[in-house]
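Residue numbers (this note's numbering), protein chains in the order written: chain A, 1026 to 1412; chain B, 1026 to 1412; chain C, 151 to 504; chain D, 151 to 504; chain E, 22 to 126; chain F, 22 to 126.
In short, the hints are calculated from the structure, not lab data.
On a predicted model such as this, the values are computed, not experimentally measured, just so you know.
Incorrect hints may appear among the rest.
[What the hints assert, rightly or not] Facing chain E, from chain C, some residues (calculated, C-beta under 8 angstroms):
#1 Leu187
#2 Ala348
#3 Ile349
#4 Val468
Every residue, glycine too, gets a C-beta built ideally from N, C-alpha and C.
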Amino acid sequence: MKEETPLVDELEKGPWPSYVKEIKRAAKKSKAAEDLLGVQELSFNDKVTHWKHGGIVGVTGYGGGVIGRYSDVPDKFPNVESFHTLRVNHPAGWFYNTKALRKICDVWEKHGSGLTNMHGSTGDIILLGTTTAHLQPCFNDLTEAGFDLGGSGSALRTPTACVGPARCEWTNINTLDMVQDLTMEFQDEIHRPRWPYKSKIKISGCPNDCVAAIARADLTIIGTWRDSLKIDQNGVKEYAKNGFDIKTLVVDKCPTNALEWDEKSKNLKLKPEDCVRCMHCINKMTKAIRPGDDKGATIMIGGKAPIVKGAMLSFVLVPFMKAEPPYTEIKELIRKIWDWWDENGRVRERVGELIERVGMRNFLKAVDLKPVPQMIKAPRTNPYVFF
Amino acid sequence: MKEETPLVDELEKGPWPSYVKEIKRAAKKSKAAEDLLGVQELSFNDKVTHWKHGGIVGVTGYGGGVIGRYSDVPDKFPNVESFHTLRVNHPAGWFYNTKALRKICDVWEKHGSGLTNMHGSTGDIILLGTTTAHLQPCFNDLTEAGFDLGGSGSALRTPTACVGPARCEWTNINTLDMVQDLTMEFQDEIHRPRWPYKSKIKISGCPNDCVAAIARADLTIIGTWRDSLKIDQNGVKEYAKNGFDIKTLVVDKCPTNALEWDEKSKNLKLKPEDCVRCMHCINKMTKAIRPGDDKGATIMIGGKAPIVKGAMLSFVLVPFMKAEPPYTEIKELIRKIWDWWDENGRVRERVGELIERVGMRNFLKAVDLKPVPQMIKAPRTNPYVFF
Amino acid sequence: MGKADIGPPNFREMIPEVVKKNYGDWKYHEILKPGVLRHVAESGDELYTVRAGSPRLVSVDFIRDICDVADKYCDGHLRFTSRYNIEFLTPDKEKVEPIIEAAKKLGLPVGGTGDGISNIVHTQGWVHCHSAATDSSPIVKALMDELYDYFISMKLPAKLRVSLACCINMCGAVHCSDLAIVGVHTKIPKIDHEKLGAICEIPTTIASCPTGAIRRHPDKEIKSVVVREDLCMYCGNCFTVCPAMPLADSEGDGIAIYAGGKVSNARKPPMFSRLIVPFLPNNPPRWPEVVEIIKKIVNVYAKNARRYERMGEWIERVGWETFFRLTEIPFTEQHIDDFTYARETWRTTTQFKW
Amino acid sequence: MGKADIGPPNFREMIPEVVKKNYGDWKYHEILKPGVLRHVAESGDELYTVRAGSPRLVSVDFIRDICDVADKYCDGHLRFTSRYNIEFLTPDKEKVEPIIEAAKKLGLPVGGTGDGISNIVHTQGWVHCHSAATDSSPIVKALMDELYDYFISMKLPAKLRVSLACCINMCGAVHCSDLAIVGVHTKIPKIDHEKLGAICEIPTTIASCPTGAIRRHPDKEIKSVVVREDLCMYCGNCFTVCPAMPLADSEGDGIAIYAGGKVSNARKPPMFSRLIVPFLPNNPPRWPEVVEIIKKIVNVYAKNARRYERMGEWIERVGWETFFRLTEIPFTEQHIDDFTYARETWRTTTQFKW
Amino acid sequence: MAKAMLGGIEIEIDEDGFIQEPDKWNKEVAEDLAKTENAYPMSEDHWKLVNYLRVYFLKYEIAPAIRMLCKQTGYDLKTIYKMFPGGPAKGACKVAGLPKPTGCV
Amino acid sequence: MAKAMLGGIEIEIDEDGFIQEPDKWNKEVAEDLAKTENAYPMSEDHWKLVNYLRVYFLKYEIAPAIRMLCKQTGYDLKTIYKMFPGGPAKGACKVAGLPKPTGCV
Ligand code: SRM
Ligand code: SRM
Ligand code: SRM
Ligand code: SRM
Ligand code: SF4
Ligand code: SF4
Ligand code: SF4
Ligand code: SF4
Ligand code: SF4
Ligand code: SF4
Ligand code: SF4
Ligand code: SF4
């Protein structure tokens, strides 16, 4: 039954592409998508969600990858009585060939609402809305098309990585290869929840952190370098010549005053021991300044959203680690961390919160790491010290 | 009995004045002081204290002001079997005339060990070591000499203030008058413990905070000004002429970059809206820069040492308050704060800890203050908001 | 049973030829104009990227549309960004304008690069989530309609990253965004005592509460819990583990705004976003109050911040008191932290501005 | 019963004439040389201050000695500073040198002003306190003997404030000092189960523990408490409220050193001191390990900090990793916070030095 | 809310087939639930797992953590997925009549 | 540790005269303790305060806060110091046979 949706329709206007138009496009072929419009309108009127709590549905042999969802107004909108989403692993860097994309479209047109999120905020392809009966067949068709499910529940989530070596001149690690490798390595952990809570891995090629790993990943891998960044003085002069205000826009903004600018000779000098590799000078003068040669990764841990004990940013665990395939050292470390967390974590306690609860010293011992000052901003102020 | 004290004797050597010499001086007239030397030697050998826990002794009508102390080796050192200290209120700013000081000396030679601390770290005159029998007579003689006891236990401690208007060109409030006035106002609170725990008041005439109030006082009063600081350009030029590097040593160190230096005209310009009155430029150029004219105080709250929940620095409660005798507004605020704390505080919970436990919003309501951004460094990051 | 654990397709099958060839060997890049990047490889090869906005919630036909464009101009390759934008990649400069034209035809704005506002990271809202205290896609639409100009241009002092989460679970890097829009409840859970015992784990429910507001029902006969009203700050974590404790409420639900977060390590270390507007009502379909205040803040920021100064860096420099003064947002008790680390936010110095 | 609640003598009877006259009307000051200040009033009057060090723990004869000096040169007035130094005040420039001579005769160093090390704020130690994990006066004496030169000169980058507390109650502004020396226990309390029930309030004792390590004795017959060894960090707060739980131990007690705190609001806001050396043994009478490391730190600071840069400001600028590198102090697990606000100390950025 | 005939009695279930009236659970109910989860017929192993879950739940009012479950029953996770293709949470807990897991298991 | 004859029995006391054997406390002991505290003879008011302290302590195992003491007994602090010149902690608690206060009262 086609409902009137005057409030929703309002959102077809305006310059930004309209998701309402998209739902309407899908609605042409899918009853569920049509009902979804009605649900939106109802929510606009009632100012509450009309989806019931949770739902556990899935495919054979997997414990996650599907978010079960049921309407609380099934009588009114029978086509979204059940409206589950599948989380589908994206290829590293969100690169696609159109063949693969079109296959997904076909599968989803066949089994679901025809609505998707490209992408979910973890990075999955989100196939938005289908029924329980369609789950297994849809999954079968997806794997046939070369795609697999992502994670949900107390499992590893689809790891993500920035575009890195595919396009970015600043990457210090092979983000795409690494994310592909880790994803394959941890298939079991993605598909079969087993832990106290979810866990996330994100990889950025440099400290610009274009996948926001520091904020959102339990295990954060950030490319960096250990030697000095490289300055090409001719490149610098070029920037100066073009009127770029190197002093104000770069030198003065270096967080540690590691740069010195000689206005006369147009020479930019670095005190390498003071550089904290923040990327700013590189970012703004990419034609003249580049990361160093001794490349690798900083491994950080503990990032997460506010629930339960307040949001956490990832913090430094290993200041520098070489990161070459097959990434054995990183994998071993990750397994050690998970094992300790799984053994000691409480229900719904992310690894960062566990470390906070039991103290870094216990954690470091468990994962065989030596304390180094780079792990902390500053030593403790309190005198409450264990011996 | 005179003991051998070879370890202790070692501390008579060296250029810094020796407390051991002082104990020995006292020991010439006091058996207790003599025994104290032996106790020191014993502690040096055993590497532990030889004083027993606590002790509640005092004078009639007061609940505090005396720290009871008993030896755990009374057989060996009978003269310090009991060795109580009296805390005696110092005159504001630790100013004395020699008549008054000599009186104290006489009283203490008569009633105690003849050893003192000038001063205790709260600011009292500490009369170090006497017996229970001597307490009341000693107190009687002290009051006769014009001195009274300070606080101990769950009471107000002797308030202190920096030298302020007596000598310092920077003070924004009459620290000495204020501390004298508050001390007299709160005699009952000093002498008769009644609260969940101790409470301290300290007053500094400017943000240099020469009595370390921010770190040590539950109620911290710091002189400041509300208008612009004053720059005398002739004075500035004088500094420049004398080779003082105004740019490096002052302008570059201003925390908010509120100063601009014109090397050519030797002109120092202030952006008053950016100045946070940190004192640095004034400190370093006292002949050219002075605080503003609209003087008053910032009232802060909650400073304390680590026990129980970690040390706290005082934080801003009232960004600016005029502070003229009879200091009614300040007194009323202080009483409100104590009253709320006394009503709600747990045993051994300082007011800062209580505020932390129940939340600022409850505290501000109780003491009738409006929230202002100056109270905080930054708003909350978490979404855990009460309505 | 079909295949299992095959993982995602290998990205090597997905990247275009020029990327394959110059993989890891890029030299520098420049932004030719809003939405158009030029990356140059050590080999001298060039790669042009055209970035186009997307509503994220799209139909399969939408995907087919962009596939058509990619087939036509990009040898059948495209990618998405970590902020949902679509990127068309080509080694051929000549194709840039046609791609832009094609995107425009599809109604997709080209932009989102450099010092502007990119796409808004967001979440499900009333379209799919049980937890939502507000909707997401409509607010994003309403906002981007108004901020459109900042997407297709690069005239802000620095990047300005906006994120939206429909509840405080904050799916996305919302807690570290220049501007964060968060759905919030303000009424305590309404407990279904009948059902709770049968469908919820009581210990888990009790443990879920960040403030310890949940206790067992005092009546031992009733297998349920009670909530201490004065301790509940409506986080909804109990609801997540226990369906019998819903807190959605058409009047109580609304939006809070946070500002000043960032993720990159450039210049200042990453920062959390901080509460600036405690509550705005849900006002579908266009949430005018939210749109208005966001626009105001962006304008104040644009006017006052220095070049390359992110929102949070600017606020840190001028002070929060100045931020509140300039934006004219009223300061309330809600802004003052009273959670675990509250004391770290108190101003423990006499240094402040007026 | 004698008088009560008379309060301290009024300071007005205590201040010298020149102060009375120019009270609140000072114009500027200068430090003529270490220990000698010249304050000039708006009226043109001058006030000379000679500051002399004191061991704080003094006999009444010591006080009489300095009174003699004050009587002779200062019209019978003197004052003490907030760091225990003695100040002789005179409007008469001619008297400055005689005062200095007189002080020297008494064995008192003149100095403690400007960019040097003033007297060490300290506490009772084994001379009077039951709580002491170390002594105070002897360590101060040993330290000042070695730092003497910094007291009588002004050649450090900035003021360097040293404090000492004989236990973590930290009587003094120890927690905010450039260098702080703190007595620490490292063994858990030895409980006297016989006595505890009779002389301690059990609920108060349990509540006293910052880490919740104290429980009632599992045997209900025994009116006492037990301590969970893995949770006890030897703070001694239980002992403060319950004499039956002493933790003093000749081997376990010793000294921790903290650095980088400050109190003034000048330039940087006040800062806490932070742990740099977790444990050094008690080694009377001169605590050589403590003296040595303090000297080393002061020297490294003197060499590396910029002018007017306090210890903590310097460390903040160069980074703690640099501090540990330069001072060669080993970094251990003890340095990493694991108390309530621990997470605020973790390095949540890739920015660091080597 | 839907009703289903399980083990010969009518029991309220939710959309995912979890029973909403825990008191009505018995062996027969379990076996009928197992049918919905591709876990029928129930072997001794199935019962060992289901019983462990029930005993644990009745004692602690929560479902055990997976790690605990594996350790205590001796089945590794792979085996559990073989027995209950829906996995420990969706499969085994449902059969054992536990509340629908929101967190662990 | 010292012993003292209080109320006709020998009781262990500490240096400050607080009894160390709380079980031996009785009215007579209290009166003898009151003598050491200048609070003898004990009036009805004295007893009211002492009894309040004891009852409170036996119930909660801690001494009451001063504010509570004043509120509940109706005596303000001034009055208490008149009755027990050593004050509530040193005076009244000692007479009531409580452990030597370290914090409150
Ligand atoms: C495509 C994308 C990575 C991907 O794998 O998808 C990407 C790509 C680039 N980023 Fe980024 N960033 C991308 C998300 C991010 C994010 C994450 C986010 O926005 O959620 C961040 C962290 C933002 C934050 O701090 O909150 C991010 C922080 C940066 C920065 C640091 C900016 C700063 O000064 O704080 C740079 C350097 C710069 O712009 O100066 C940067 C620079 C770049 C460069 C120039 C790198 C390069 O040479 O290719 C790329 C194009 C720049 C541009 O768009 O202006 N990229 N970049 C992401 C595009 C998102 C979008 O569609 O808008
Ligand atoms: C679909 C997605 C939002 C979106 O529209 O993009 C999403 C949706 C949900 N998230 Fe999320 N989260 C999504 C990314 C995130 C992220 C971002 C990320 O992964 O980078 C976060 C913040 C990072 C983090 O993990 O801390 C996130 C933090 C949460 C949390 C809070 C976790 C915490 O420890 O603080 C919950 C609550 C929970 O786990 O119970 C949560 C729970 C949920 C649930 C499952 C609701 C619930 O309480 O059970 C939502 C299902 C909505 C629905 O009906 O579809 N979601 N969630 C994202 C996953 C898509 C994908 O796979 O690509
Ligand atoms: C006498 C005394 C106040 C008193 O009432 O007793 C005092 C007096 C003066 N202080 Fe102070 N300060 C005194 C303790 C303090 C303290 C507290 C402490 O040391 O415990 C502080 C806070 C220290 C801290 O931050 O940890 C203190 C922080 C300052 C500052 C700020 C220094 C900075 O840059 O951080 C100044 C300004 C300056 O020196 O540039 C200052 C400046 C001054 C001036 C110049 C003010 C004046 O014009 O008279 C006085 C003489 C300076 C000198 O000694 O070099 N005074 N001053 C105290 C002397 C203690 C001593 O014997 O050494
Ligand atoms: C005498 C003095 C040290 C000195 O040698 O100067 C001192 C000595 C004692 N302090 Fe203190 N405190 C002294 C100033 C301080 C200060 C500094 C101040 O007041 O500016 C502090 C830090 C500021 C603060 O209050 O937070 C201080 C923080 C403590 C604490 C921890 C309080 C906290 O909340 O963290 C305790 C523990 C307690 O109260 O149980 C304490 C407890 C004690 C006791 C009473 C020991 C005890 O546990 O019962 C000590 C008695 C020693 C004795 O036998 O004589 N003392 N105490 C200082 C008082 C002298 C005076 O009246 O002038
Ligand atoms: S994180 Fe660094 S390497 Fe990766 S895309 Fe961004 S700028 Fe490039
Ligand atoms: S990378 Fe950052 S820290 Fe290093 S020199 Fe450049 S701006 Fe400075
Ligand atoms: S606090 Fe300020 S006013 Fe007081 S003595 Fe120090 S510098 Fe002078
Ligand atoms: S007082 Fe401090 S903040 Fe103000 S101008 Fe001077 S140095 Fe800057
Ligand atoms: S933010 Fe909250 S409401 Fe929105 S998708 Fe995530 S869990 Fe659901
Ligand atoms: S909404 Fe949050 S604070 Fe309120 S009871 Fe539930 S878990 Fe606790
Ligand atoms: S610091 Fe500790 S040991 Fe020293 S006087 Fe204070 S309470 Fe006693
Ligand atoms: S010493 Fe401190 S941590 Fe240890 S039991 Fe006592 S109060 Fe607790």
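Hints not upheld, ascending by number: 1 and 4
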